[in-house]
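Engineer: Read off the chains here:
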Amino acid sequence: NAGVTQTPKFQVLKTGQSMTLQCAQDMNHEYMSWYRQDPGMGLRLIHYSVGAGITDQGEVPNGYNVSRSTTEDFPLRLLSAAPSQTSVYFCASSPTLALGTSGRAADEQFFGPGTRLTVL
Amino acid sequence: AQSVTQLGSHVSVSEGALVLLRCNYSSSVPPYLFWYVQYPNQGLQLLLKYTSAATLVKGINGFEAEFKKSETSFHLTKPSAHMSDAAEYFCAVSDIAGGGNKLTFGTGTQLKVEL
Numbered sequence: 001n002a003g004v005t006q007t008p009k010f011q012v013l014k015t016g017q018s019m020t021l022q023c024a025q026d027m028n029h030e031y032m033s034w035y036r037q038d039p040g041m042g043l044r045l046i047h048y049s050v051g052a053g054i055t056d057q058g059e060v061p062n063g064y065n066v067s068r069s070t071t072e073d074f075p076l077r078l079l080s081a082a083p084s085q086t087s088v089y090f091c092a093s094s095p096t097l098a099l100g101t102s103g104r105a106a107d108e109q110f111f112g113p114g115t116r117l118t119v120l
Numbered sequence: 001a002q003s004v005t006q007l008g009s010h011v012s013v014s015e016g017a018l019v020l021l022r023c024n025y026s027s028s029v030p031p032y033l034f035w036y037v038q039y040p041n042q043g044l045q046l047l048l049k050y051t052s053a054a055t056l057v058k059g060i061n062g063f064e065a066e067f068k069k070s071e072t073s074f075h076l077t078k079p080s081a082h083m084s085d086a087a088e089y090f091c092a093v094s095d096i097a098g099g100g101n102k103l104t105f106g107t108g109t110q111l112k113v114e115l
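Those sequence lines, one after another, are chains S and U.
If you're matching positions, the first sequence starts at 1 in the working numbering and goes up one per residue.
If you're matching positions, the second sequence starts at 1 in the working numbering and goes up one per residue.
Hint data in this document are derived by calculation from the structure and do not stem from the laboratory.
We put the beta carbon where it would ideally sit given N, CA and C, even for glycine.
Just so you know, not all the hints are guaranteed correct.
To be verified - Distance windows between CB atoms, simulated:
1. 65(S) x 16(U): 42 to 52 Å
2. 14(S) x 3(U): 16 to 26 Å
3. 17(U) x 84(S): 31 to 41 Å
4. 30(U) x 15(S): 40 to 50 Å
5. 28(S) x 84(U): 26 to 36 Å
6. 41(U) x 53(S): 26 to 36 Å
7. 12(U) x 38(S): 45 to 55 Å
8. 41(U) x 82(S): 38 to 48 Å
9. 30(U) x 79(S): 35 to 45 Å
10. 114(U) x 67(S): 42 to 52 Å
11. 17(U) x 67(S): 46 to 56 Å
12. 14(U) x 17(S): 44 to 54 Å
13. 79(S) x 83(U): 38 to 48 Å
14. 38(S) x 14(U): 26 to 36 Å
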């Protein structure tokens, strides 16, 4: 299993540009989420999904869109990039709490390696 | 709303010394608590978790944490620090309402291990 993969690893954008951060997982996890990490602030939840076709907002959703057309993929879209969106972005996945068929606890989240985004 | 507070953004210990990283939580329901570690330029890796089965939780790499309801704490310890433990550590609490698994993180503690 590749686990959770994210592309690209690095990206530089100009203010106003749009882009999509890709996230994929091959563990058949129902739950996926996006976090951003900023110095001194820990990780903050942007959007999450409890299954294909279902998404919801987290703590800091403004300026970001998500969709979940398949179980495997959960892309994050920046509509019009701003310098305040300069951050490291992490995607994570976990089984639904009702499952846990992997033998691990159902509530462990698996994180991707991150995308470092700079907006000029 | 649930929250966690990590006391001390930077902790420095000597190799072989006790590691103690502090985490206090706030939750109106019995919490699910986690410690994650982040090595430089990497994602987060689960160290250990508390899900009400036992108050003393053992994790990977010799770390453990004790859940103390009376103190609303979930401090992370390791008896003897190793150079490879240098990393950033995050405490987190999970909101499982609606079948989800939303994590609220603390601001992190950077652990430095000196010779």
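Engineer: Each of the hints needs a verdict: does it hold here or not?
Structural biologist: Okay, the hints, checked on the actual structure:
1. 65(S) x 16(U): 42 to 52 Å: 50 Å, holds
2. 14(S) x 3(U): 16 to 26 Å: 36 Å, violated
3. 17(U) x 84(S): 31 to 41 Å: Hint holds: Cβ distance 40 Å, inside 31 to 41 Å.
4. 30(U) x 15(S): 40 to 50 Å: Between residue 30(U) and residue 15(S), where Cβ atoms are some 45 Å apart, the hint holds.
5. 28(S) x 84(U): 26 to 36 Å: 32 Å Cβ-Cβ, so the 26 to 36 Å window holds.
6. 41(U) x 53(S): 26 to 36 Å: 34 Å, holds
7. 12(U) x 38(S): 45 to 55 Å: 23 Å, violated
8. 41(U) x 82(S): 38 to 48 Å: 24 Å, violated
9. 30(U) x 79(S): 35 to 45 Å: 39 Å, holds
10. 114(U) x 67(S): 42 to 52 Å: Given range 42 to 52 Å: holds, Cβ gap about 47 Å.
11. 17(U) x 67(S): 46 to 56 Å: The hinted range 46 to 56 Å holds for residue 17(U) and residue 67(S), with Cβ atoms some 49 Å apart.
12. 14(U) x 17(S): 44 to 54 Å: 48 Å, holds
13. 79(S) x 83(U): 38 to 48 Å: 44 Å, holds
14. 38(S) x 14(U): 26 to 36 Å: 30 Å, holds
Checked against the numbered hints given earlier, this structure breaks hints 2, 7 and 8; the rest are met.
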